[in-house]
Amino acid sequence: MIQVLVNGLVNGAILAMMAISLTVIYSILRVPHFGLGGIFVWGAFTAYFAVTLWNLNFLTAVLIAAGCMAVMGVVIEKAAFKKLRTATEDAMFVSAIGVLITLENGALLLWGEQARSIPVPQLDYIFSIPGVLRLPAMRIVIFAVVALAILGLHFYVKKARMGKAMRAVAQNRVAARLLGVPIDRVASYTFALGSAMAGVAGALVGTAFTFTFDMGSMSILKAFVVVVLGGLGSVGGAIVGGFLLGVVDSFTLTFLTSEYKNLVSFSLLILVLVFRPSGIFGQRLGRPQ
Amino acid sequence: MKKYWKLILFIAAGFLFPFIGREGYWTHLAITILIFSILASSLNLLMGYSGLVSIAHGAFFGIGGYTSGVLMMRLGLSFPAAALTAAAFTGLIALGIGFPSFRTRGVYYVIVTIAFQLIASEIFDGWYSLTGGGLGLRGIPKPGELSLPILGKISFQSKFAYYYLAFILTLLIHLGIFRLIRSPLGIGLMAMRDNETKALMMGLNPLRYKIFVFTLASALAGFAGSLYSHYLEFAHPDLFSFFVSVDIFLMVMLGGAGTFIGPPLGVFILEMIREFLHEFVALRLFIYGVMLVVIIIFLPDGLLKPLINIRKKITRR
Amino acid sequence: MKKWGVLWLVLLLAMAGFGLVLPGNDAWAQKTLRIGELAGLTGGIAPYGSQLHNARLLAIEEINSKGGIPVGSEKCKLQLVHMDAGPPAEAIKVFERLLTVEKLNLILDGAYSSVEYALAPVLKAKQAIVIWSGGNDPGTTVGVPNAFRNHFDGGTPFAKVNEAFLKKMGIKKISTYGQQGHSDFKRFVEEHLPKVPGFSVLSSDWFPFGEKDYFPVLTKIKNLKPDAVITHGFFTDGVPLMKQAREVGLFPGPLFLHQFAAAPLMMDEASRKVWEGSYEVLVSSLAGAAEPPPKSKKFVDDYLKKFGDRGLGGWAEVGYDSVYILAKALEKAGTVEDIPKIIKALHDLTIGDIPQLLQDYKPGKIFDAEGQAYPKIVVMEWKGGKQIPVFSDYGL
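Protein chains in written order, with our numbering: chain A, 31 to 319; chain B, 764 to 1080; chain C, 10 to 405.
Derived from the structure by calculation, the hints contain no laboratory data. In this text the structure is predicted, and so the values were computed from the model without any measurement. Using N, Cα and C, we set each Cβ at its ideal position, and we do this for glycine too. Some hints here could point you the wrong way.
Unchecked claim - Calculated lysine to any residue pairs in the SDA-like style (CA-CA distance at most 25 Å, straight line):
hint	chain 1	residue 1	chain 2	residue 2
1	C	Lys392	A	Lys113
2	C	Lys282	A	Lys113
3	C	Lys135	B	Phe842
4	C	Lys282	A	Asp154
5	C	Lys133	B	Ile796
6	C	Lys112	B	Gly787
7	C	Lys135	B	Leu1070
8	B	Lys905	C	Gly148
9	C	Lys133	B	Leu840
10	A	Lys108	B	Leu979
11	B	Lys905	B	Ile950
12	C	Lys112	B	Ala924
13	C	Lys86	C	Lys282
14	A	Lys113	B	Pro1069
What the hints assert, rightly or not - Here are a few chain B residues that sit away from chain C, every Cβ distance over 12 Å (derived from the structure):
hint	residue
15	Lys769
16	Phe773
17	Phe782
18	Ser841
19	Leu847
20	Leu858
21	Gly861
22	Leu911
23	Ile913
24	Leu928
25	Leu943
26	Ser946
27	Pro969
28	Leu995
29	Phe1023
Taking the hints into account, I'd like the entire structure generated from these sequences.
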């Protein structure tokens, strides 16, 4: 039982991380950034090379992944989304899909289709309570890193100047602009933040499990589902939604069915949306007119 | 009549095409493009004219394809009966899923459609006894022989004949869509798309409209599915997956959502891009991704409007 | 103005789409026979497809270095025209292209199993021959007179070998964990296994391709305490599956029988360790074994020399054989154009006709009436990062 719960929480942590990065960008800039799936993949590769080529330790590698992906995020914002700020969400969606495909296949071209794993021998041991729980150390690390990241984000958005600017833009872009908030700068920081988090998620997954060039699409899709489940614009919702989905999946797989796992989880999702059409914590949101 | 000369030319070209393509690759492509035009245009009804983005079209495409195949294979129905029943059945399922989903709006609604698509894909894969799961459903028969007054007996075994079947059906469906858009119903849909609250105040019932258009669009997708699976004599979950839904979405966006000719144009363009990229093997998908970004940045409303503008500029001279 | 530019670019591409597809570069050189090949080189199937492709290139090089194959009065050199084939919809398109645009009518293939079913209707309508060298789905050549397969049939023959091995190891209670979408495995698990007296299937679970976390289901299986766990899918998922089976405490424990077609050289050294003590059965070639028989050893050495030491597994020999089988059939038929004659020649081939064959096929004629061959299926045990054959059978 506990094993099943913990299994779910660990996966939920990753989902939550991806969901947060998506929510941050969507709620502030209204960009459905599917391309984050590609960042997820590149984050894993970056950390991998940091560890294997430059022999850096795990924590440094994760930080490097975060930093590089932040930079990449800014570049992508300028290249693929800046001109679309006045376009429809659907158009941004198309661009995001393009970014995802480009990043994933770019990784394929550069580094091949081999499945790899980031080797961190120091974390190779397994924490176990006989009969109750067996947990590889790396999974505990995932949990810790995600928790730290969430805390960091919370304080940044609450206290830092840029964080406040972001919240202003999220609430009312036109008013924020009128008040002199530099939208371009906010956009860059937002993308940097979201991409850094997605990159870290990738590095974590790449170490605890294996990573390939095409693992981005499914993970960003699930993240989207979580974001909606939790309620758009709500980081708290993304966190709760992520852990919830992780745990539900774990229990479904272990006790119900692995063949129709999607059927179960997504039916629940649809059910939630029927009763709370804006997600668990979301506010009423129409299409921006 | 003068207004329609372009249309007549186009249709004539379409009629004569198989004489060039024969049984070959080009006819195969053409048939695929025709079938996907039905998909794109029906999705356009949802996206462009009613403002409802759906990434579940692949699923309905598949439900129609599998149902029609099974009906003909296991229950011995004729092709027309199987295809129409499959379309109706698909519409029924759409009705079922429509009710809960229309309480949601915007991106929430899109996610519900994605969820449905993923569930459908799982069922296609998992329900082995009915769909053949990952092996696919094989042995779906092509439509039976048809006896026509002047032309005599027509067998649909050849690509040549099947092309005409697809061509005529596609034209008819598009004619229907065209009439629908121009009708009061169509105008109501567009009103609802533009501002739902105002539409409510004018006395329209958005929910009814949404359910209607969703059911219709999905039924059309199901019909396209049956055309497809009987052509291939095969059905498989990969043919109706989430990625296919995304493809159809892209076709509508690239061609121009909300325009009539846009989506079929989008189908054609996307297929041509694919053909063009075929030579590049490994780079193919990478270039495809870049192209998507580039095209949408410069042409966020799709290809059609700029094309029309160019034509206007030319004819003005 | 920029908008115009992009617009023209896209239209140009659309036209170019027409232009670039016209058949190309290589003229029909007098003594070169072009053979089409569809092999998945991208995506999940890539590690398997590339072996096939490379092995075929090797075989063709050998044949050409001896002057080619004698067909009628002349000698023909071979040239492989390759097209990548992914999942069904695309494969059908590519196939059509090979047939009508490239005008090839002899094709070697080996990709996703379901592709074989998808291509059957297209094949039947054309004057062409296909030899499948991959894909495990049952009966893909049934009902298609111009399709042959020299990879083993993953239906009844394969099921029988699995059954025989498990019985030999005294297995009674079984759990399965396979990749979603692989309905050949589904058939095995849901239709074959439960009917075997003495076996009881405790659970059957499925993972999606690319699954990262196997803990939930492995936890479930651990609690059920089966005698054996049978797995199936692409080996790239098998590696994390086994790693996590150890982490969760499930393995070492029950007997693990894998249907991944994994072999030592297909992965890095670290990955080989996770399989230690488990068994692999989706193989009909001894190329991956620690001590391959002399012919296979020579093949392995040649392959490694030419293609480097990554990626060689059980599918390579199948590809190699397919070239020699086709070559011999063409030689015996004395024609490269007369399809019915070549089909007859293929049916008449016996293993004695082709000394270069690497796989161990059942004695007598290579293909049965439906065009299916029966290479011996081998169960390998993973020991010390290598594979040792412990059981084999034709599955007849």
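(request) Report the numbers of all earlier hints that the structure fails to satisfy, in ascending order. (result) Numbers 1, 2, 7, 10, 11, 13 and 28 - these are the hints that the structure violates, sorted from lowest upward.
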